[in-house]
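Chemist: From first to last, the protein sequence lines stand for chains R, H and G.
Heads up, the first sequence is in my numbering, so the first residue is 1 and it goes up one at a time.
Heads up, the second sequence is in my numbering, so the first residue is 1 and it goes up one at a time.
Heads up, the third sequence is in my numbering, so the first residue is 1 and it goes up one at a time.
Take the hints with a grain of salt, since some may be wrong.
Stated by the list, open to error - Taking CB as the label site, the calculated pair distances span:
id	chain 1	residue 1	chain 2	residue 2	range
1	H	Val112	G	Ile132	51 to 59 Å
2	R	Thr189	G	Glu391	49 to 57 Å
3	H	Gln84	R	Ile321	50 to 58 Å
4	G	Lys372	H	Ala326	50 to 58 Å
Stated by the list, open to error - Below are the DMTMM-like pairs computed for lysine to aspartate or glutamate, each with C-alpha atoms no more than 25 Å apart in a straight line:
id	chain 1	residue 1	chain 2	residue 2
5	R	Lys255	H	Glu302
6	R	Lys276	G	Glu318
7	G	Lys372	G	Glu391
8	H	Lys329	G	Asp326
To be verified - A few chain H positions that, by computed beta-carbon distances, are all more than 10 Å from chain G:
id	residue
9	Ile145
10	Glu302
11	Val330
Please keep in mind that the hints were generated in silico from the structure rather than gathered at the bench.
On a predicted model such as this, the values are computed, not experimentally measured, just so you know.
Beta carbons: idealized from backbone N, C-alpha and C, even for Gly.
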Amino acid sequence: MNSISRYLNKDSNIMRLLFILLVTLAGLTIATGGSFLTFGQMQLVAYLFPEMGVMSLGMMLAMISGGIDLTVVAVADLAGILSCMLLKTIMPENASLPVQILVLLVILIFGMVVGSVCGVFTGTLISRIGIPAMVATLGASDIILGLAVGITQGSSVNELPSILNTAVNYRLFGVIPLTTIVFAACAGTVAFLLNKTAFGFKIYMIGSNKEASKYSGVDNKKVLTFTYIISGILASVSGILMCGHFNSARSDFGKSYLTPSILICVLAGVNPNGGKGKVSGMVFAVIILQMLSSGFSLFQNISDYYKNLIWGLVLIAVMIINVVSERRKARK
Amino acid sequence: MKIQRLLKRNEFYVALIIIILSLIIQAISGQFFTANNLVDLTRSLIVPGMMASGLFMVIVSGNIDVSFPYTAMLCMFAVTKLFQVTGYQGPVILGFLLAAVIGAFLGMINGVLAAWLKLPTLIITLGTCTIYLGFTQGVLKSSVISVLPEPMKNMVSANLFSVRSAATNLGSSMHVSILFLIVTLLIVGFIMKYTMLGRGIYAVGGDPVAAERAGFNVAAIRVFVFTACGMIGGITGLTQVTLSGMCQINFFDGYEMTIIAAVVLGGANIAGGSGSVFGTFLGVVLMKIISNNLILLGIPTEWSKLMTGILIILGVCVSAYKAVSAERKVTSNILKDAAGEEAAHE
Amino acid sequence: MSEILLEAKEISKHFGGVKALDKVNLTIHKGEIHCLVGENGCGKSTLIKIISGFYKPDGGSIYFDSQEYPSLDINQSIQMGIQVIYQDMSIFPNLTVAENIAMNYELYNKRKLVNWKNVRKIARQALDHIGINIPLDETVGTLSIADKQLIAIARSILYNSKLIIMDEPTSALTRKEVDKLFRVIRQLQEEGISILFVSHKLDEVFEIADQFTVFRNGKTIISKPAQNVTNEQFIYYMTGRTIEEEYFTAKNADFNKSLFRVENLCLKNGFENINFDIHPGEILGITGLLGSGRTELAKTLFGLYTASSGKIYIEDKEVQIRTPMDALKLKVGYVPEDRLTEGLFLTQSIENNMIISNIDRLKRKNKTVDYKKGIEDSKYWIKSLGIKLHELKDGIQTLSGGNQQKVVLGKWLETRPKVLILNGPTVGVDIGAKYDIHNYLRKLAEEKDMAILLISDDISEILMNCNRILIIKSGHITGEYKNTDLDSSKLQALITEGVG
């Protein structure tokens, strides 16, 4: 009896998110007269959510550690641009499929290296130089994005070899989008790191009390730097997915993802003050958000602009609900 | 003694850098100390200078606001649209009042949320700024207004004086809205230095618990700084219209970054509790001199974003690193006490 | 007897399930110096916060000048003439001395504007009043703790105060400064101001107080004039038991072996030429005033500060402790001074708090963490330290201060240290847990041959539990004593007056 109630209590956040998910699904289905709940729509959601989702996982790690990573968007853009430029340069003409896939893997790894270099940079600013995460990532984001703008002179990298777009649009057994698989792999890795490794444990503890973790013999600097490196790698993966989706690379692709990625974290129950957050919550939150996003686009009369308005309102509303419910719990 | 205190002040170093930089630019181009360049530079300080003085108060209180450029944008479109729709022909000052009220209201939303939720204000204002952006785009359906209503149009050409450089034959005019900047700086400076409210803002930024014990209303101070920042943002939005003769949605793109950079460069501690309006103003001047003269300094405009990033990081690096290394050191000398006491015994 | 100024009647206050105050009474007369004494965690601070309007009581009421108030708010309390000098002094590190002194006063006078000339004048007068000279334009953050304390005192006497509450005002002061403070207090008394002086130092209570009240576990134990009471009675009132503790003598210690030795250790601005040697089975005590360098020494030994010169040996082998990670590897543990900020992860579970320092040792071959083993280990320490809890998964915040401190201790014991450094290990801990911790430390020394370094300003704690005691003053060790050669008043005198 005790264990059941505890289990429910422990996962009350997941139950709540599941409830919101079902309500969203039902609401959109009714509002669209049934056209939302179709196989095609669901597949579209599954195809699109990973771009935002993978990036948000990095944001989550930074938030659990008590910081924030505002560079995710910039890293995604820069990694996307550099990877696409490399892809164009090294892809041989009329290459066979295996060669093409090999090249694709090379640029994926290259993109991740770019992401981790950015991560080392921001991580060092935060952990070793001691700049507050917010300012450090704000500044680093300008530097990284500045590089992206400077390199491309503000224009886009076009005429990419078709393999990237083909790969991103690939569906396993004709059903499961490759992007979903990439997200699953990233989410799985992050969940493993957080739940099974000492590194993950330390991120939570640093997020709860940085001072106490130092006094407990934890190498805060190393753990924090590594956190931002992983965040950078995840952002770069998300950047490459975006490039595949749009079949080009630009320095402003990721721009609109910053607020949603923070929104996803807050919705998922990640505490902006650090120390709390789970991958399972993130999965639900990102699917809910993508459903809303895709749902809106079904209504012709709602312009894209309203999306911003709604994201902002939802973010504030979720924060209010989280804080109010937590305070009520604390009073009990 | 006086000189020693001057050397301790951050403003001194910012001013020094500004002087050196302007001398370098003068040496390279020979055009820095021309009348029209100086007027142009001053003119370009108006909008960022006003915004920075608003943000300065927020930062001193230990908070951050990234929504003020969007507040400015929303006020700019809302007021211009309203004038357009109603065909208003009266004095333009009503527009500024309106913008101030709307801006103050939007800022108050930030302040109330910050005081109530006690969550990082970066995330709160990131949320509200998205709302303000969405509202401008969606509800006001605005991205460009190229023909301004009469009262504003008249103000566009209201200049205090004009100058012309003999050498280049380039002319520039000093717009009347420079007065707004001066007044804003003076008021903010007065509030911060000579009112209990202002000292309360410093106190909250230094130690919120101690401030509460001293009898400051900490929640009210939080609401005030955000409201004031929003109000200044609103006025700035309209000022921008009268400077450029049109409304454009991308006027304030990236301003949240550059203004934060300017305030931090001007010596305000990002964690709150220190800084001065004068320093903030110098920070803005430095930022503008750099961004206006990027090409002269041999940096192509595409790299200007990179420059702001580097400036922010450099601006906070020194003080952050000092704080980190101070953690590993004993700052007030324990040993000296002993020496002093022994001396006293003898 | 003069009129009653303040009377707190039957005040109760709960925090969650914990009863902090249980119908306590306190009566202060006009112009009286009243000492409120009690162990840490007895409810003194809670009552102060209720009188100053920081907390609302759950029951009872406060009478001030014969008027009844069910509760107060901060401004009301200040308006009525109540001033509190908190232990943390509540000063603004980012502002100047002048402003720190004058600001609260100006606020109290409902000023809207700041007249800087006036601010300096007020500050100068306040400092002159208590006869102290500190530069007015100095930023307070750069001053010493004693100076900060004096600034806080100068600030409080500006008001038209009727009652000044001082929460442990002498903890950072040298004897000379204490004398100065007492002179100021008596001067204030002559001006008709009542003082509520919170302390746990007996000699001070006898020296300054007209009347004293003792709290224990949130209850009023006794309130009577300070003249007619003996030391022993006093300790009984405070602790609820006559102290039957034996002096620790390190009877199992091996004085031929050196376990932890420090040679000529120096820290810039912190301390100079520190030398000591702890043998296995010994508890070495280091005591001194706040700001004497004791905490700096502890932090240096644990790698939080970098020593400027000197050597550290563990089992006669020279070691480098540059970071806490080094200390952990070398089996040196550190129970920090400030439990809440340095010891505990308040939003985490008891279990997580227990295993954090040991997490790297819980790794399996495949790099994953064996949490099950972590739970088993934690259970062992919970049993042997007698930590009372409901479940390991519960938040650490559900525990009492004493049990929380035992968790911090257990965390370090699980790392199997050879050397254990404890800095104020029983601050804010109830008496029961305090004796548990003391007994456990003795057991560790006697049975596990550990070298224990106990740093504290709790005289009886040091005296009872350390077979050797070093006194540190202004960053220098001024003497070494056997605990059996000292008693509490001798030790107190040594600490405050120094030697030689």
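Chemist: Hint by hint, say whether it matches the structure.
Modeler: Against the structure, the hints:
1. Val112(H) <-> Ile132(G): 51 to 59 Å: At roughly 43 Å between Cβ atoms, Ile132(G) and Val112(H) fall outside 51 to 59 Å, so the hint is violated.
2. Thr189(R) <-> Glu391(G): 49 to 57 Å: violated, 31 Å
3. Gln84(H) <-> Ile321(R): 50 to 58 Å: Violated - the Cβ-Cβ distance for Gln84(H) and Ile321(R), about 39 Å, lies outside 50 to 58 Å.
4. Lys372(G) <-> Ala326(H): 50 to 58 Å: Since Lys372(G) and Ala326(H) have Cβ atoms about 42 Å apart, the given range 50 to 58 Å is violated.
5. Lys255(R) <-> Glu302(H): holds, 17 Å
6. Lys276(R) <-> Glu318(G): Roughly 41 Å between the alpha carbons, so the hint for Lys276(R) and Glu318(G) is violated.
7. Lys372(G) <-> Glu391(G): holds, 15 Å
8. Lys329(H) <-> Asp326(G): Judged against 25 Å, a Cα distance of about 18 Å means the pair holds.
9. Ile145: holds, 41 Å
10. Glu302: holds, 40 Å
11. Val330: violated, 4 Å
The structure does not agree with the numbered hints 1, 2, 3, 4, 6, 11 stated previously, though it agrees with the rest.
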